[in-house]
Amino acid sequence: MRLEGGLRTTAERYDRVPADLEAPLLFTSVDDVSARLAETGYLASPAVATTVFLADRLGKPLLVEGPAGVGKTELAKAVAEVARARLVRLQCYEGVDESRALYEWNHAKQLLRISAGRDESWDEARTDIFSEEFLLSRPLLTAIRGDEPKVLLIDETDKADVEVEGLLLEVLSDFQVTVPELGTISATRRPFVVLTSNASRELSEALRRRCLFLHIGFPEEELERRIVRLRVPGLDATLAESVVRVVGALRAMDLRKVPSVAETIDWARTLLALGADTLDETVVRDTLGVLLKHQDDVLKAGAKLDLGSL
Amino acid sequence: MSAPAGVAERLTSLVAALRAHGVRVGTGETVDAAQAMEALGLADRERLREGLAATLLHGTAQRPVFDPVFDLYFPRAVGGPGSQPADRDELRDRLAAALADDDAALLARLAAEAVDGFGGYGSSPASDGWSSHQALDRLRPQTLLARVRDDVRARGGGSGFADRLLEDEIRRRIESFRRMVGAEARRRVAERRGRDEIARRAVAPTADRVDFLFAGRDRLAELRRTVQPLARKLATRLAARRRRAARGSIDLRRTLRGSLSTGGVPMRPVLRRRRPARPELVLLCDVSGSVSGFSDFTMLLVQALHDQFSKVRVFAFVNRIDEVTPLLAHGAADPEGLGARIRSEATLTGWHGSSDYGVALGEFAERHGDAVGPRTTVFVLGDARTNMSDPNLPAVRQLAERARRVYWLNPEARAQWGTGDSAAPDYADLVEMFECRNARQLSALVGRLLPV
Chain B
1 MRLEGGLRTT AERYDRVPAD LEAPLLFTSV DDVSARLAET GYLASPAVAT
51 TVFLADRLGK PLLVEGPAGV GKTELAKAVA EVARARLVRL QCYEGVDESR
101 ALYEWNHAKQ LLRISAGRDE SWDEARTDIF SEEFLLSRPL LTAIRGDEPK
151 VLLIDETDKA DVEVEGLLLE VLSDFQVTVP ELGTISATRR PFVVLTSNAS
201 RELSEALRRR CLFLHIGFPE EELERRIVRL RVPGLDATLA ESVVRVVGAL
251 RAMDLRKVPS VAETIDWART LLALGADTLD ETVVRDTLGV LLKHQDDVLK
301 AGAKLDLGSL
Chain V
1 MSAPAGVAER LTSLVAALRA HGVRVGTGET VDAAQAMEAL GLADRERLRE
51 GLAATLLHGT AQRPVFDPVF DLYFPRAVGG PGSQPADRDE LRDRLAAALA
101 DDDAALLARL AAEAVDGFGG YGSSPASDGW SSHQALDRLR PQTLLARVRD
151 DVRARGGGSG FADRLLEDEI RRRIESFRRM VGAEARRRVA ERRGRDEIAR
201 RAVAPTADRV DFLFAGRDRL AELRRTVQPL ARKLATRLAA RRRRAARGSI
251 DLRRTLRGSL STGGVPMRPV LRRRRPARPE LVLLCDVSGS VSGFSDFTML
301 LVQALHDQFS KVRVFAFVNR IDEVTPLLAH GAADPEGLGA RIRSEATLTG
351 WHGSSDYGVA LGEFAERHGD AVGPRTTVFV LGDARTNMSD PNLPAVRQLA
401 ERARRVYWLN PEARAQWGTG DSAAPDYADL VEMFECRNAR QLSALVGRLL
451 PV
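Here the protein sequences come in this chain order: B and V. Counting along the first sequence from 1, when you hit position 170 you're at 170 in the working numbering, and nothing is skipped either side. Counting along the second sequence from 1, when you hit position 182 you're at 182 in the working numbering, and nothing is skipped either side.
Watch out, some of these pointers could steer you wrong.
Listed below are the simulated DSSO-like cross-link pairs for lysine-lysine, each with C-alpha atoms no more than 30 Å apart in a straight line [claimed, not checked]:
no. : chain 1 : residue 1 : chain 2 : residue 2
1   : B       : K257      : V       : K233
2   : V       : K233      : B       : K300
3   : B       : K257      : B       : K159
4   : B       : K77       : V       : K233
5   : B       : K300      : V       : K311
6   : B       : K257      : B       : K300
7   : V       : K311      : V       : K233
8   : B       : K304      : B       : K257
9   : B       : K304      : B       : K293
10  : B       : K77       : B       : K293
11  : B       : K159      : B       : K77
12  : V       : K311      : B       : K257
13  : B       : K257      : B       : K77
14  : B       : K159      : B       : K293
15  : V       : K233      : B       : K293
16  : V       : K311      : B       : K293
17  : B       : K159      : V       : K233
18  : B       : K293      : B       : K257
19  : V       : K311      : B       : K159
Note that these hints are calculated values from the structure, not bench results. Everything numeric in this text was worked out from a predicted model, so none of it was measured.
Pulled out of the complex, with its shape left as it was, chain B reads as follows:
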């Protein structure tokens, strides 16, 4: 987008509230969601499919919570692929701030511009250096600018500080960003927003209120079997079934870190690489480390599964 004119006209241009934010809908029905996500290799549970459909239909951000490794980030990627949209990702961490999340002025370029322009008035120079050209847009601003479809993924929201949540509120409820020197920049096309959280910190009620809430837990046995078969195509069907059953049994135990879908897939790959065609005590004992990440978990699971001495 090119900008001409002074400060005031720029602000006026941006202060216009978009009359029509209705982006073309991505999905026609819940079944459509499941089918098209499955094409990209993401098998969605009914809960996931329903909520994604609603997020698209109601135009609200989607807050996804769940244990690590159940495919929260994958979901955003799959939706981006289905929608043929650009995936804009904001990875949150402790200390992420406005200049990393929203926008930043390109100071070096501004200085260059000032030293390059010789015979012009101060007012002209000032209006010019605070124009779009010198604005570095960070993920949140990138996501609401431009007309192409976008999926905004705000990953591990719980890792960010509480102040950043305040920053997100304006973006998520009105899909706009206020730059004091420029005015308010509103989205011309609403992005599909996915926030993920591991619940290591309770997100504020204000943020939750603006989102649809989806908890992705561990999948049902049948679904997990299909996921394993899809991701590890070389694996024998009966072995896949046994793998999923063992993982299910481990999840029912009271462990420090229960294996997630990602670990199930890793384990299936390990078994495939080892050339195991059935599970027996030795194989399980030797590969339990792929599933369990704590030594006391390994010992406990070994005892419960009667693996003999470890």
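Starting from the structure of chain B, add chain V where the hints point.
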């Protein structure tokens, strides 16, 4: 809104029932939920359930409240299953087959038949009802375990390693069938008694709102599983407080000295730097029968937080006191057995088995007085019911003088303090005492009171 009026009314009463259980649902969310209903239609009940959950709930912990309430306001069916009441053996046969196949839809249908056939009691319209307990008692699904196992084995031919998991899997299926029967009975009762009342009374509150003193075994087990996530949350909260505290206040002396180079104008404020000393924590826990659930939970929580402190020492008492820190360190792997192990391995009781705060606190001051110093924060956990014996206030006063802070967490409601043999008001005069009845209150208190 194109949804029929009856549906809107039903949605709002569902929301009201959720609010009555402490789920905070705003009007905006209710409108969203209505839009979701419109978009999804009413044809598929499970989709509707997920859609309403997505719009109305804000956290995973609210789901166990939502599901039973949803079942009441949007029941699967109305009235009985419509088939002839089957006889008991035939129903058991079909149940065994369904369990062997792990067919959830069929199990749900059988649950409806079971309640219809065996759960009804009473004959007059005023006193009759449906009891899941009675239905399960007649049907005894748990006794089907061996039969279903043999059934599956006969078909699968004992399929190798995963076979050893079979019994546990069947047990889980039976457990889920029992839950289905419970939900079905609730639905049938609600038809008769009015939904709102049943939604208020028969749906259990979320685990973190259950009183420690009245929580059953499974509720306590559920709470124990929340210890690790809760500890993680509290650790980040503590880290945030520590960061804020480390930024500290302005060091006036050094700011002024620095200002001399700028002609006495304080250009750069100098902040007071805190010595990074990790605080010490001492826990005194009453583990007598009445409050053991509370103490166990708190001990596990503090143990999970131990890397936040330079030293954590835990003492347990009934009427004598003993240090249990090493037991606790090993107990993290086996939280259920912790309480029993503490009671069997530590010397906690003298002549009798009832708690005596005066003697225990006196013994602490005498034998373990060196555990408390000016950097120590002490938490006392207990209901302060000292069975009419001397509360030994001087020992508490001495403790409060030596320690940096002493807090007392009491699992009883504030209104109960001082009734009967409770010495709570006497202790509360000497140290700060807080009401701490459930996990929610505990996590709020721990997040606020723990030293940084």
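Okay, the hints, checked on the actual structure:
no.	hint	result
1	B/K257 to V/K233	16 Å, holds
2	V/K233 to B/K300	26 Å, holds
3	B/K257 to B/K159	19 Å, holds
4	B/K77 to V/K233	28 Å, holds
5	B/K300 to V/K311	28 Å, holds
6	B/K257 to B/K300	12 Å, holds
7	V/K311 to V/K233	20 Å, holds
8	B/K304 to B/K257	16 Å, holds
9	B/K304 to B/K293	17 Å, holds
10	B/K77 to B/K293	27 Å, holds
11	B/K159 to B/K77	20 Å, holds
12	V/K311 to B/K257	26 Å, holds
13	B/K257 to B/K77	26 Å, holds
14	B/K159 to B/K293	22 Å, holds
15	V/K233 to B/K293	21 Å, holds
16	V/K311 to B/K293	27 Å, holds
17	B/K159 to V/K233	11 Å, holds
18	B/K293 to B/K257	7 Å, holds
19	V/K311 to B/K159	27 Å, holds
In terms of the numbered hints stated before, the structure departs from none.
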